[in-house]
Amino acid sequence: MAQKRDYYEVLEVAKTATADEIKKAYKKKAIQYHPDRNPGDKEAEEKFKEAAEAYSVLSDENKRARYDQFGFEGLNGPAGGNGFGGGGFGMDINDIFSAFGDIFGGGGGFGDFFGGRGRGGNGGGERKFRGSDVRIKVSLSLNEINSGVTKKFKVKKQVQCTHCHGTGAADGSAAETCPECHGTGRVIRQTQSIFGMMQSQTTCPRCGGEGKIIKNKCPFCGGEGVTAGEEIIEAQIPAGVAEGMQVVVEGKGNAGRHNGYPGSLLIIIGEQQHPELIRDENDLIYNLILSVPQAVLGDTVQIPTLDGSVKVKIEPGTQPGKMLRLRDKGMSILHTNRHGDLIVNISVYIPETLSKDEKQNFEKMRSSDNFTPSVSIKEKLKKKIRSCFE
Numbered sequence: 002m003a004q005k006r007d008y009y010e011v012l013e014v015a016k017t018a019t020a021d022e023i024k025k026a027y028k029k030k031a032i033q034y035h036p037d038r039n040p041g042d043k044e045a046e047e048k049f050k051e052a053a054e055a056y057s058v059l060s061d062e063n064k065r066a067r068y069d070q071f072g073f074e075g076l077n078g079p080a081g082g083n084g085f086g087g088g089g090f091g092m093d094i095n096d097i098f099s100a101f102g103d104i105f106g107g108g109g110g111f112g113d114f115f116g117g118r119g120r121g122g123n124g125g126g127e128r129k130f131r132g133s134d135v136r137i138k139v140s141l142s143l144n145e146i147n148s149g150v151t152k153k154f155k156v157k158k159q160v161q162c163t164h165c166h167g168t169g170a171a172d173g174s175a176a177e178t179c180p181e182c183h184g185t186g187r188v189i190r191q192t193q194s195i196f197g198m199m200q201s202q203t204t205c206p207r208c209g210g211e212g213k214i215i216k217n218k219c220p221f222c223g224g225e226g227v228t229a230g231e232e233i234i235e236a237q238i239p240a241g242v243a244e245g246m247q248v249v250v251e252g253k254g255n256a257g258r259h260n261g262y263p264g265s266l267l268i269i270i271g272e273q274q275h276p277e278l279i280r281d282e283n284d285l286i287y288n289l290i291l292s293v294p295q296a297v298l299g300d301t302v303q304i305p306t307l308d309g310s311v312k313v314k315i316e317p318g319t320q321p322g323k324m325l326r327l328r329d330k331g332m333s334i335l336h337t338n339r340h341g342d343l344i345v346n347i348s349v350y351i352p353e354t355l356s357k358d359e360k361q362n363f364e365k366m367r368s369s370d371n372f373t374p375s376v377s378i379k380e381k382l383k384k385k386i387r388s389c390f391e
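The number in this note's numbering is simply the position in the sequence shown, starting from 1, with 1 added.
These are calculated hints, taken from the structure and not from any lab test. Any given hint could be a false lead.
Have a look at the derived ranges for each label pair, beta carbon to beta carbon [unchecked claim]:
1) N39 to I269: 48 to 56 Å
2) F73 to V311: 53 to 61 Å
3) P220 to E244: 43 to 51 Å
4) A45 to I279: 49 to 57 Å
5) K323 to V376: 18 to 26 Å
6) A20 to T151: 30 to 38 Å
7) Q237 to D308: 44 to 52 Å
8) V376 to G322: 14 to 22 Å
9) K357 to N144: 45 to 53 Å
10) D300 to D134: 51 to 59 Å
11) G245 to G309: 27 to 35 Å
12) G245 to V376: 43 to 51 Å
In silico EDC-like links for lysine to aspartate or glutamate, alpha-carbon gap of 20 Å or less [as the list claims (entries may be wrong)]:
13) K129 to E74
14) K5 to E74
15) K29 to D7
Glycine included, each C-beta is placed from N, C-alpha and C at the ideal position.
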C-alpha cells in the first residue's frame with residue numbers, strides 16, 4: 002500500500018484553508034478523478050478515494066483539529082475513524098457516494114452530476130439510503146478520562162423492522178421495478194433552451210432513486226423498513242479525550258430505509274469537575290494554601306493526583322505565587338503514552354484576626370530586618386507584576 006500523503010497536499014489547499022475552500026477543492030478533485038469519467042483507470046480510482054478520505058477528515062472540525070495536532074496518529078482509535086473503516090486506500094466507493102454524494106447539491110449526488118451510478122448503488126443506478134447519525138452525550142470524571150473507559154449505552158433509534166427484515170414489503174412480497182425509470186433510479190428530462198433541446202438526468206421522483214417501488218407495504222413500518230427501537234451499545238472511550246470531543250461508533254446510528262446503510266453513533270464528551278484538581282488541556286492545576294509558619298519554616302505536604310496523593314517538600318521561605326511542577330502527573334495525552342504535568346500553585350493564608358499573644362509576636366517581627374523585604378525583592382515583585390500587564 003502506498004504511503005499516505007498529507008491531506009492538505011491531497012486537496013492542494015493551505016493549512017489555513019476555510020471550510021468552503023476545502024469543500025471546493027474536494028469537489029474539483031472528485032470531478033477530476035470520478036470513476037465514471039475514468040472507467041477502468043485504477044490510479045484515478047485511488048486518487049478519488051484518497052481525496053474522499055482527506056475531505057472526510059478536513060471537513061470535520063474535531064478530526065481536523067486532531068490531525069493538525071497529532072498527524073495521522075491523531076486519527077487512530079474510536080475517536081479518529083474517518084468513517085470508512087480504514088485508510089482511504091481501502092474505502093468502498095459506494096460508501097463515498099453515500100457519504101458525500103450530496104456535495105454537488107440538488108439531491109442527485111455524484112450519479113446525477115455525471116449521469117452515471119447512483120449513491121451507494123451497485124453500478125446499475127439503484128440508490129441505497131443511509132440512516133441518520135444519533136448523538137448522545139456522556140459525562141466522564143477526570144479519572145475515567147485519564148485512564149480511558151468502556152461505556153454501555155441504551156440508545157433509542159431507528160432499527161430494522163423485524164417483520165419485513167428491512168425490505169419494507171409485507172408478507173415477503175418483492176419490490177417491483179419502478180415503471181418510470183425502469184429500475185435505473187434516474188430519469189431523462191428534456192428542456193428547450195436558447196441552445197436547442199437539452200437533456201439532463203435526475204433522480205427518479207417516483208422511487209427516489211432506488212429503482213424499485215413497494216406496492217404491498219409492511220403494515221408495521223409503513224413500508225420504510227425501519228421502526229423505533231433501542232439497542233445496548235458498548236463503546237471504548239480513549240484516554241485523553243476532552244470536553245466537546247466526539248467519539249464515532251460506525252454503523253450504530255439509525256438504520257437506513259429499505260436495508261440501506263446505518264448511520265453512526267456520535268458520543269459527545271462532557272467533563273465532570275474534580276473536587277480538587279482543575280484541568281488545563283493536558284496539565285492539571287492544584288491550588289495549595291500554606292499557613293504562614295509552613296511558608297516560613299517549610300513543611301512536607303500531601304498533594305492529590307489522579308493516581309493517589311504524593312508527598313511534596315515545601316522549602317523554607319516559600320513565597321506566595323510560586324509554582325511547583327510535578328512531571329507526568331497530569332492528564333493522558335490523546336493517542337500517546339505520554340502525560341501532562343501537575344502544577345501546584347502556592348498561596349499563603351493570612352489570618353484576619355489574631356489573639357493578643359499572636360499580635361505581640363508579630364509586633365516583635367515587625368521591627369526585625371529579616372521580615373522587611375529588601376530592595377532586590379521589591380524590584381523582582383515589580384517586574385513580575387509588570388509582566389502580567391504586558
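Cross-check of the supplied hints:
1. N39 to I269: 48 to 56 Å: violated (39 Å)
2. F73 to V311: 53 to 61 Å: violated (36 Å)
3. P220 to E244: 43 to 51 Å: holds (46 Å)
4. A45 to I279: 49 to 57 Å: holds (52 Å)
5. K323 to V376: 18 to 26 Å: Holds: the Cβ-Cβ distance is about 21 Å, inside 18 to 26 Å.
6. A20 to T151: 30 to 38 Å: At roughly 33 Å between Cβ atoms, T151 and A20 fall inside 30 to 38 Å, so the hint holds.
7. Q237 to D308: 44 to 52 Å: The hinted range 44 to 52 Å is violated for Q237 and D308, with Cβ atoms some 21 Å apart.
8. V376 to G322: 14 to 22 Å: holds (19 Å)
9. K357 to N144: 45 to 53 Å: holds (47 Å)
10. D300 to D134: 51 to 59 Å: Once the Cβ atoms are compared, 54 Å apart, the range 51 to 59 Å for D134 and D300 holds.
11. G245 to G309: 27 to 35 Å: Roughly 29 Å apart at Cβ, these two residues keep to the hinted range, so it holds.
12. G245 to V376: 43 to 51 Å: holds (49 Å)
13. K129 to E74: violated (32 Å)
14. K5 to E74: holds (12 Å)
15. K29 to D7: Roughly 18 Å separates the two Cα atoms, so the pair holds.
The structure does not agree with the numbered hints 1, 2, 7, 13 stated previously, though it agrees with the rest.
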